[in-house]
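K.L.:
Sequence:
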Amino acid sequence: MWRKAYGTFDAKYVYIFTTLIFEVGSAICGGAPNMNALIVGRAICGLGGIGMYIGVMTVMSENTSKTERPVYLGLIGGWSFHMRGFCRQWSHVAMGILYQPLHWRNLRSCICIPHPKPRSNLGLLGIWRQIDWLGASLLLGAIASLLMAIAFGGLLFPWNSGFIIGLFVTGGVLSIALAIQQLNTLGTTEEHRLIPIEYLQSKDIVILFIETAYAGAAVFLPIYLIPIFFEIIHGESALGSGLKLLHLSWFWLL
15 MWRKAYGTFD AKYVYIFTTL IFEVGSAICG GAPNMNALIV GRAICGLGGI
65 GMYIGVMTVM SENTSKTERP VYLGLIGGWS FHMRGFCRQW SHVAMGILYQ
115 PLHWRNLRSC ICIPHPKPRS NLGLLGIWRQ IDWLGASLLL GAIASLLMAI
165 AFGGLLFPWN SGFIIGLFVT GGVLSIALAI QQLNTLGTTE EHRLIPIEYL
215 QSKDIVILFI ETAYAGAAVF LPIYLIPIFF EIIHGESALG SGLKLLHLSW
265 FWLL
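Per this note's numbering, the very first residue in the sequence shown carries number 15; after that it's consecutive.
Quick caveat, the hints were computed from the structure, so don't treat them as lab data.
Hints are supplied without guarantee of correctness; some may be wrong.
[To be verified] Lysine to aspartate or glutamate pairs mimicking EDC-like chemistry, simulated, CA-CA at most 20 Å apart: (1) K258 / E245; (2) K18 / E204; (3) K26 / E37.
Source: prediction; values computed, not measured.
Let the hints inform the model, and build the full structure from the sequences given.
P.N.:
Okay, here's the thing in structure tokens:
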């Protein structure tokens, strides 16, 4: 959806808006009185953070030539990949140090980059008509339902409870409705639909999607589960579990 927003509205103000979302989430994290508030803050940070990331790629793509673009995007991608690998590991140690004496307070900031309007000749009404509102609503509903079912199942509610089953059914129905809506361009056009279906016709792109999904799972699952394993099974502190995760940092960096 951020990709569509950057292609429809003034990218400068979309980037500033995503930055504000990220800062609001950071403020909530910094002042979180409990874990539930922290989770909400992190979710808002994620929403703004992905918008900022797409914004950087958009700004870089629009302000470089075809010959320059691979170099700059490669520098950004390579640097961000190595920094993410470094931060994912050392953040466990840093947060372990901060959590024990200082709790979970933190602070983040970023720099906004201006960008020209992509469609300055369109009025506000014309811009809003280009957005696939129906597709965006179905996508958000499907993702929210499935994530809530996976997160709450077995913890707050039994897996066989009506609430969890209802969430799974709702997520499945909305996913099917989204597929039908995108394939038949209901309430939108082929040019402005939320999901670029034409990409799925390319075997190389489909393989790339699958590889990216598995690569993400291979990175995030160990980072999430290994500290939990050390803390619950071995009784380690937050700092101790972070220290025992450091050996993976060399793997991600290489």
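K.L.:
Now tell me, hint by hint, if it's right for this structure.
P.N.:
Hints, verified against the model:
The suggested pairing of K258 with E245 holds, with an alpha-carbon distance near 11 Å, which does not exceed 20 Å. The suggested pairing of K18 with E204 holds, with an alpha-carbon distance near 13 Å, which does not exceed 20 Å. A threshold of 20 Å between alpha carbons decides the hint, and for K26 with E37 the separation of about 17 Å falls inside it, so the pair holds.
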